[in-house]
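Since chain A is already given, all that's left is putting chain B with the ligand on it; use the hints.
What follows is the residue order along each chain.
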Amino acid sequence: MKNIINKKDVEYVARLSRLKLKGEQTEKFTRQLNTILEYIEKLNELDTSKTEPTSHVVPLRNVRRKDFQKPSPTVEEVLKNAPDKERGYFKVPPIIE
Amino acid sequence: MEYEPVIGLEIHAELATKTKLFCSCSTKFGASPNSQVCPICMGLPGVLPVVNEKAVEHMIITALALNCTITRQTKFDRKNYYYPDLPKNYQISQQYFPFAKDGFLEIKLLGDEKKKIGIGNIHLEEDAGKNIHLENGKASLVDLNRTGIPLVEIVTKPDLRSPEEVEIFMDTLRDILLYTEVSDCKMEEGSLRFEANISVREKGQTHLPPRVEIKNLNSFKIVLLAIKHEIERQTKMLEKKEKVLQETRLWDEEKQITRLMRSKEEAHDYRYFPEPDLPPLFISEEEIEKIKKEMPELPNVRKERFITKYRMNEYDSRIILSDKETADFFEECLKLGENVYPGTSIFSKDIANWIAGPVTRYLNEHNTPLSKTQITPQYLVELISLVNKGLINQNTAKNILPEILEKGKAPQEIVKEKGLIQVTDEEEISQAVDKILKENQQVIDDFKKGKTNAFSFLVGQVMKSTKGKANPQTVNKLLKQKLEIL
Ligand SMILES: [Zn+2]
Chain A
1 MKNIINKKDV
11 EYVARLSRLK
21 LKGEQTEKFT
31 RQLNTILEYI
41 EKLNELDTSK
51 TEPTSHVVPL
61 RNVRRKDFQK
71 PSPTVEEVLK
81 NAPDKERGYF
91 KVPPIIE
Chain B
1001 MEYEPVIGLE
1011 IHAELATKTK
1021 LFCSCSTKFG
1031 ASPNSQVCPI
1041 CMGLPGVLPV
1051 VNEKAVEHMI
1061 ITALALNCTI
1071 TRQTKFDRKN
1081 YYYPDLPKNY
1091 QISQQYFPFA
1101 KDGFLEIKLL
1111 GDEKKKIGIG
1121 NIHLEEDAGK
1131 NIHLENGKAS
1141 LVDLNRTGIP
1151 LVEIVTKPDL
1161 RSPEEVEIFM
1171 DTLRDILLYT
1181 EVSDCKMEEG
1191 SLRFEANISV
1201 REKGQTHLPP
1211 RVEIKNLNSF
1221 KIVLLAIKHE
1231 IERQTKMLEK
1241 KEKVLQETRL
1251 WDEEKQITRL
1261 MRSKEEAHDY
1271 RYFPEPDLPP
1281 LFISEEEIEK
1291 IKKEMPELPN
1301 VRKERFITKY
1311 RMNEYDSRII
1321 LSDKETADFF
1331 EECLKLGENV
1341 YPGTSIFSKD
1351 IANWIAGPVT
1361 RYLNEHNTPL
1371 SKTQITPQYL
1381 VELISLVNKG
1391 LINQNTAKNI
1401 LPEILEKGKA
1411 PQEIVKEKGL
1421 IQVTDEEEIS
1431 QAVDKILKEN
1441 QQVIDDFKKG
1451 KTNAFSFLVG
1461 QVMKSTKGKA
1471 NPQTVNKLLK
1481 QKLEIL
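From first to last, the protein sequence lines are chains A and B. Taking the working numbering, the leading residue of the first sequence gets 1, the next gets one more, and so forth. Taking the working numbering, the leading residue of the second sequence gets 1001, the next gets one more, and so forth.
Pulled out of the complex, with its shape left as it was, chain A reads as follows:
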């Protein structure tokens, strides 16, 4: 197995993703992610020097809509699945500024 990413990278990605990893998990994920990345590296064997960068596989372009307002759902509906709410707002843990 190649070492495409190391433990440090995994810890960094976990921090960016707001994930708390326990000691042995970091090792495990480093191993697993390396296996996945190694597999995907196979794609690099293809010669893509003459291929345009592709971010979309469906040949769609220029999908636009008119600036025409439609009614929004009611506040009750909007907040229905919120874990907590107050006076029409979503209520979340305090944000430290």
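Not one of these hints is a red herring.
The following label-pair restraints were derived from C-beta to C-beta distances:
1. A:ARG87 / B:ASP1328: 39 to 47 Å
2. A:THR74 / B:GLU1181: 27 to 35 Å
3. B:LYS1236 / A:ILE95: 32 to 40 Å
4. A:THR74 / B:LYS1186: 26 to 34 Å
5. A:LYS7 / B:ARG1259: 34 to 42 Å
If you're looking for bench data, these hints aren't it; they were derived computationally from the structure. By construction, the Cβ of each residue, glycine as well, lies at the ideal position given by its N, Cα and C atoms.
Then chain B with the ligand, alone, in the frame of chain A:
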């Protein structure tokens, strides 16, 4: 040692659309919390964003106004970060193929010098929601009404060299955005926001020192205060041979200083990647040409024309060009005025004075736009003609202005109705002067003792006794003559 600041700006302006960038929710300001949201702007699973064509149109206009090259095949990218006002955990923005780039905006510095400020790029993105922090510090509240409102971000090159240049640049840019109706630029509603990059170097050097970014600048005043403060801070550091580091600072409104952002607030790795839910946007030549044809004359170009052609002064031109409606009103008056006084530039000066003076004063006092009043270009021209022909005096004209603005009544009609035709008959004015002099011996004595305001008091009394209709020049003349022989 002499130092000079090197300043670049990032401007966020909300685009004037009825609906959001990727969904059909209203963008109206001031609605009750979370009443203008839907599954798309809340980022619920399984929804698909679709671009608002009006936002694209505004982007083309902005790009053209700022002399940018429009990217013919533009794309969207996801900017990833976590914050409660961003329900999707990413903002749809444009990192790799921004809408347009490499433009400039020409500004006019004091003393007629012109300077081109480079525009690095402009791109389209969505706004985030708003957080409210409860006073007890136990929770925060989130309103997503603003989430998904289209924003244009304009990034300048570090071409600005003083707070004065920054101010002129901001004014010029705001005028353009207002004029082309791309944005309403209401700073108090957060429609226009700024970030500044500042570094200070020894004058004459060409390298770019590490730049300090200042966020959270929500008014023209604060932008300038923060920039001035930051230039001072960095200059002092350089004088003490200290090293200025690249960092992000916030404007602290309370202490009126910039302060370092805590590392927690910073440390972003946005992990941009192409937005898979939005297909690329192709901007065609025809589309650009069509918009070019429909674009109004830009305010900076129009201003140049007003100043050279009508010899308008800087102050009047700034007020008259502050919005398109007023400038159009001015030109409409001028067209009508040409018919009344063909070929006189005096008339254009009068119109400019009236609009920038009494009319604007009324609008400011009543906090109302010109379009909400009843005045028409015909009425203003008529009013000015009445003064110029000596039928009413300047004061009477000013006094009946509110009635024209509020009721849309023709000036001629008001003058006739109220009998305000100016008294120019010297005999009649002479009698009024005599009467006032007879009643005010004390004031005459004061005048003789050298009290100059005694004279203006007497003028006022005569005007009052004629209900303001007397020709003020005649009153002045007669009073002077009579006082001399008394
Ligand atoms: Zn929506």
